[in-house]
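The residues making up each chain are set out below.
Protein chains: 2
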Amino acid sequence: MLKIIVDCMGGDNGPTPIIAAIKNFLKEHEDVEVIAVGKLEELQELDGICRIIDAPDVVPMTAGALDVLRLKNSSMMVALRTMKEEGIDAAISCGSTGGFLASATITLKMIPGIKRAALVTAIPSLESGKYMTLLDCGANNENTAEELCQFALMGRLYAQAVHGNLDPKTYLLSNGSEDEKGLPEIKEANRLLRERNFPNFMGNIEGRDALLEPEIDVLVTGGYAGNIYLKGIEGTAKMMSSLLKDAFKMNLSTKIGYLLSRKGVNAMKNKMDYKAVGGALLLGINGIVVKAHGNSDAKSFESALNLARKMAASDAVNKIKEGIESEGSK
Amino acid sequence: MLKIIVDCMGGDNGPTPIIAAIKNFLKEHEDVEVIAVGKLEELQELDGICRIIDAPDVVPMTAGALDVLRLKNSSMMVALRTMKEEGIDAAISCGSTGGFLASATITLKMIPGIKRAALVTAIPSLESGKYMTLLDCGANNENTAEELCQFALMGRLYAQAVHGNLDPKTYLLSNGSEDEKGLPEIKEANRLLRERNFPNFMGNIEGRDALLEPEIDVLVTGGYAGNIYLKGIEGTAKMMSSLLKDAFKMNLSTKIGYLLSRKGVNAMKNKMDYKAVGGALLLGINGIVVKAHGNSDAKSFESALNLARKMAASDAVNKIKEGIESEGSK
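Protein sequences appear in the order of chains P and Y. Under my numbering, the first residue of the first sequence is numbered 1, with each subsequent residue one higher. Under my numbering, the first residue of the second sequence is numbered 1001, with each subsequent residue one higher.
No lab work stands behind these hints: they were computed from the structure. Accuracy of the hints is not assured; some may be wrong.
Said to hold, decoys possible - Computed, partial: chain Y to chain P, Cβ under 8 Å:
(1) G1048
(2) I1049
(3) I1052
(4) N1175
(5) R1208
(6) I1233
(7) S1253
(8) G1264
In this text, a Cβ means the ideal position worked out from N, Cα and C, and glycines have one as well.
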């Protein structure tokens, strides 16, 4: 039986949407055990539904890494410590990214050989059912060329383990497609990946083309640019969905038009809804650690639970570890 | 009569769409004189329609700044030199951004006191008819905190001169809304803007919120992150428009739905079409210099001509110069 431990506190919306998500998730997945961590009095609704661990403290959203480590009895730290001690398969939190990264690194350690963890997420592609793997989308600010090369390797191993894509095409996100474009670390990473004959490395790509060309499987970037890019995509998708709603409300004709076309239109909106993706994996940590959106609602947190389950079931982190070990021993 | 000089070469699609755009533009604007610069034999269609200046060389898209400066008889350099010598109101090129920036800086000089030019563009807002001013969207790679503060000032003066927004709300784009989030230069720019009581400075904002909250007038970022952000927005908008097209083609019902709702839907698609914006102003140069999209089609290049005309008519650059002088003398 797979086991997932959940930090129920620390999100923008408190434990309520998380409790709802756990209930729904457990109804649909009898093969998973969920362990909820948080203030006992706020989790009573889960009594009899899953195991609950009391943790009196909450990591505030604004907490820096050091603050988090000091709060030893926070729901975040208790969840990670219990994961380590009991060999639980995966942990999820919608608390501060920096705090979760720091506490996961300290508690679970990094995969040997990996310098920095990266947040990895899936971006919908024009092609039906296809997703692009983006990393780092915000675990770090700046990254060195060597770290970017490691992200390329982790991204490749992730696409293999999770998406079954045996030879993914890997690109570096830059402000131009030419090798000589970009920040110094991007140019250097491009040179290193070419020099090392990184399998199926295709060079630099601009952010617009990365979304419109179907053949991009893995897109590598430093954490700051990756976060800005991801948020630009999410914001535009939400903005257009909202504008589309207004467009259909324009007059009687457009309202009837909506009724007739809503099946297709809603499928499109769902595809672009970032809350459907639910969260991002902290890749590079020695364990499955999912960062859910800070403003998660029940739907979004349930997606994060599904992501954690998928990761645990596909044994992704162990496959990535093995891939990195075999790369290191070359 | 306003005069606009056009570098007709150097775009991805050659001079054909630019010629078409000039013809259309001149039909609609009798108060503007256009001067076309490029290979004479490729511009014959404009004979009798506007003044043509022969320039034998073309700046390739991949040219670095130094290559461009060496090509003294390129259409780009000839256009800028003629602008300077004859006091022409504005110049447009869809050639390489780096090349255009370097040649414009050398030929026209910077506005006194400004350290770096910034590409400024308009991002559609959820609110009808409203645009957000984004800078820098790609003139630079990295920028110092002091440069970011200058971008904030130029952005404010631009919003005042061009959008008539007398007290625009200014934000720094970052990976979190807290003052302590972001790259070191963003954190320092935040501190400096607060210390100097920059008018209506609102702090940091994430890229998603910047698109969804209606009150953001000016969004300041370094050139690399700004380019990545803009391309993410453009790519998502194009991707969703394309997905929407497919959604309406799903079956007979959705096809009829489209016919009934197309007025509203197409207005929304046009609003989000980056080609409708046409180009970005190189703000900080002592003159109106518009960088059109490298892959401009006729529609997009005509928008760039309209942008140049609007800038010239509103005397934007002189107003910005005066604003910077008055700031410097405080």
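Exercise. Quick one, is the R1208 of chain Y hint okay against chain P at 8 Å, beta carbons?
Worked result: It holds, given that the least Cβ distance between R1208 of chain Y and chain P is near 4 Å, below 8 Å.
For this session: Against chain P, run the beta carbon of G1048 of chain Y and see if the smallest gap drops under 8 Å.
Result: It is violated, given that the least Cβ distance between G1048 of chain Y and chain P is near 38 Å, above 8 Å.
For this session: Answer holds if the nearest beta-carbon of chain P is closer than 8 Å to that of I1052 of chain Y; otherwise answer violated.
Result: violated, 31 Å
For this session: For the hint on N1175 of chain Y, just tell me whether its beta-carbon gets within less than 8 Å of chain P.
Result: Since the shortest Cβ distance to chain P is 4 Å, the answer is holds.
For this session: So, G1264 of chain Y near chain P? Judge it on the closest CB pair being under 8 Å.
Result: G1264 of chain Y check passes; min Cβ-Cβ to chain P is 3 Å, inside 8 Å.
Exercise. At a threshold of 8 Å, is the proposed contact between I1049 of chain Y and chain P supported by beta-carbon distances?
Worked result: Violated. Min distance 33 Å.
Exercise. Do the numbers back the hint for I1233 of chain Y, that is, is its least Cβ distance to chain P under 8 Å?
Worked result: holds, 5 Å
Exercise. Close enough to count: is the Cβ of S1253 of chain Y nearer than 8 Å to one in chain P?
Worked result: Hint holds; S1253 of chain Y Cβ to chain P Cβ min 5 Å, cut 8 Å.
Hint compliance for this structure: hints 1, 2 and 3 are broken, all remaining hints hold.
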